[in-house]
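Asks: Fit chain B to the supplied structure of chain A, relying on the hints for placement.
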Amino acid sequence: MQDDEIPTLIDVDNLETLPPGQPDPGAKPVPLTIITGFLGAGKSTLLKRILTERHGYRIAVIMNEFGDSTDIESKTIGVESGDVRSEEFLELPNGCLCCSIKDTGVAAIEELMKRKGAFDYILLETTGLADPGPIASIFWQNEEYGKGLGWDIILDGVVCLVDAVNGLHQMMADSASNADSVGESLRQLAAADIVLLNKIDAAPLKLVEETEAMIHRVNPALAVHRTMRAEIDLAKVIGIGAYASGPPPITVHVHDEHCAHSEVGEVGSTHYAVRGISSLQVRCPPLSSAKLDALDIWIRTLLWDARLPLPYDAGEGLEILRCKGLLETVDGRRLVLQGVRSMYELEEVPRKGGEGRVGDEGKLVFIGKGLGEAVRESLEAVLR
Amino acid sequence: MSAPEVHCQSSKCPNGNPASRLECPTCHKLGITGSFFCSQECFKGDSHKVVHDLATPRQSLPDDPSTNKNRTFNPFPHFKFSGPLRPCYPLSPRRQLPDHIQRPDYAEGAVPLSERKNAGMPPRVLSPEEQDKMRTVCRLAREVLDLAAAAVHPGITTDEIDKIVHDACIERDAYPSPLNYRHYPKSVCTSVNECVCHGIPDQRKLQEGDIINIDVTLYKDGFHGDVNATYPVGRIDEESKKLIRTARQCLDEAIKICKPGALVRDIGKTIEPVARANGCSAVRTYTGHGVNDLFHTAPNVPHYAKNKAIGMLKAGTCLTIEPMINLGGNWDEVHWPDNWTATTADGKRSAQFEETLLITETGVEVLTAGKPLEL
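Taken in sequence, the protein lines are chains A and B. If you're matching positions, the first sequence starts at 1 in this note's numbering and goes up one per residue. If you're matching positions, the second sequence starts at 1 in this note's numbering and goes up one per residue.
In isolation and in its complexed conformation, chain A is listed as follows (with noise of 0.2 Å):
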């Protein structure tokens, strides 16, 4: 076209997308929610029932085959050259998608977002994924670069179907194995936020009962829904906000019932093992500025360097695969711990108006590997 060439009008009115570098100031982030289970639990028959039926919500469900991890990791410093996105996309009667992605990760993903938009939810199939820990680690720190931009994707939580008929066994299996590698089922377990205990009407209640206080023992902080054939409210898998910045869905409470009226700066805390995985769970009392700076020590010793700070020795194979937690401060400030392998945010919630008393709710649970008394002591030596 020429200089004096006039171009033709154009009807913003029919314009397919808002001008690049706009933000949208009413799109909000979209919930991606990570699926794990253990072997024939149920995953499939729970995705066919997502696309499958009417239940209302936009979903766009993502088989993944993610592979090696570093190229996932691409994004932050280098835009791979040479890209090859293969996807197959299905869509849905009920507004659901399918897809499969390969190999591209957080970037084809939000790609995805930028071309079909508006979705109110994400699921991520994990089928061949061991442990989901790396690939939610990935996802949460991803959530940094898009934030308030239009296009964002958010963490929402890990769900992890579990059988009820051979859940148990296959835990028991895992755990009786080499204390060096952890079992599939328990990091599944570790890293899950929710948990669908599955097929209960094939197993009988007792085992039921069973499987889910094991479930509990490895990981005491995530929710158990029993179900059959999968079946759910959505609305209790999906949109949970377990790596949201309000308080995390701590649903068990600390079990020894003398810590409920122990003194302030006294600790009350318990301890569960299941060979392999064990999670650390302790009650908190209100902390100074001084003693939440010597926590936050703690924590980074604990995360980053897999050690306790000295004297505490915690010995060798320290490693932490999830931890949560609610906080107060003597001045009444509220900071919630969320953390996946070595990453970890400790931050300050608004408190709502008259939302507990002062001294009522600071838990801490940590769960990994190697959680022996050492490390309850050395927690406990800070917190008092």
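It should be emphasised that the hints constitute simulated quantities derived from the structure, not laboratory data. Computed from a predicted structure; not experimentally measured. For every residue, glycine included, the Cβ atom is placed at its ideal position computed from N, Cα and C. The reader is advised that the hints may include incorrect statements.
[What the hints assert, rightly or not] Using 30 Å as the maximum straight-line C-alpha spacing, the simulated DSS-like pairs for lysine-lysine come out as follows:
1) K256(B) - K314(B)
2) K306(B) - K259(B)
3) K371(B) - K291(A)
4) K269(B) - K306(B)
5) K308(B) - K259(B)
6) K256(B) - K69(B)
7) K28(A) - K48(A)
8) K314(B) - K241(B)
9) K205(B) - K256(B)
10) K256(B) - K269(B)
11) K44(B) - K117(B)
12) K44(B) - K12(B)
13) K236(A) - K44(B)
14) K306(B) - K205(B)
15) K259(B) - K269(B)
16) K291(A) - K306(B)
17) K133(B) - K256(B)
18) K28(A) - K306(B)
19) K80(B) - K28(A)
20) K28(A) - K205(B)
21) K69(B) - K291(A)
22) K80(B) - K256(B)
23) K163(B) - K205(B)
24) K306(B) - K236(A)
25) K28(A) - K308(B)
26) K291(A) - K269(B)
27) K259(B) - K314(B)
28) K308(B) - K117(B)
29) K291(A) - K259(B)
30) K371(B) - K241(B)
31) K117(B) - K291(A)
[As the list claims (entries may be wrong)] Between beta-carbon pairs, the in silico distance windows are:
32) D173(B) - R58(A): 57 to 63 Å
33) H335(B) - D201(A): 47 to 53 Å
34) G155(B) - P29(A): 23 to 29 Å
35) P372(B) - D331(A): 57 to 63 Å
36) A369(B) - E316(A): 40 to 46 Å
37) A119(B) - G56(A): 27 to 33 Å
38) D120(A) - E253(B): 38 to 44 Å
39) F79(B) - D201(A): 53 to 59 Å
40) P337(B) - D201(A): 30 to 36 Å
Replies: Below, chain B without anything else, positioned relative to chain A:
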């Protein structure tokens, strides 16, 4: 979409300037609001085009044919560019190096295998001998950057700057680290105006009023030294000066907190408030990085406040801090189809400064230190 009604902007509208939803496509792309006309006839008859020239004094219009008079061309004529900057191809042929210059592992195959092998490892502590090698390569990197900067003037192409950098590396028996790193085609990154980073040197001539970031990395004796800075081309407007000063201040403030035991996450917490206080934003997708025998390695150094970066600084480790600072509140960026060039999403300008740092027992040594910013 709901927008206020705009009346036909023609000065000679025969229809009495009724409200219209028909917009000038050029203004729409350039982000100039309010250019509505009631009909194609009215639009044609108006002297409206002068508005575009005011908005983009130095650039051709986006819908120009992709081939220019001097046979250069825009290889992506259908791409929705966020601002006026365009690629100007053809790229010059790949530059060669004498055999005696030591190559990094990606020089042939383009894949940084050793970086992949070390993914997930903690930052490497360098021996005193290795630290000396870092000092040397970083000093040379600064020399090369200064040479390139001295050549910046209206009329020089970014490809000519690439040649200056390439030849200066050879003179110093060093490999220009960007060359063929993940298939990057050139020896330096030249990022002009709204380009955030990773601009590929091409046939575009620098124009009075441009700003340009030159990002130089040398590889010598087994180590990389990485440095960049943003320069004015001739006289630039006050807003661009303020942007450049802000970017420099962001880096300087961040360097001040560096010492053993400082938390990596606090670097971004230092940078972003400085950017915001000056009406700017810190880019999130690109981060600072560890640098040593690997070009990019642990730690990953976010430049924004709310980050969950892992780890603390340790004596004997080397890293870069290189905040990319955008004018205005939008830190998002778009990538050109060349798979490298990142520009701001809104077409506003972006500036950056980078130094390679060595954490010492007592604090920090700026290995690539140069003269203070004069603007």
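Asks: Name the hints, by number, that the structure is in violation of.
Replies: Hints 3, 6, 8, 9, 11, 13, 14, 20, 21, 22, 31, 34, 35, 37 and 40 not satisfied by this model.
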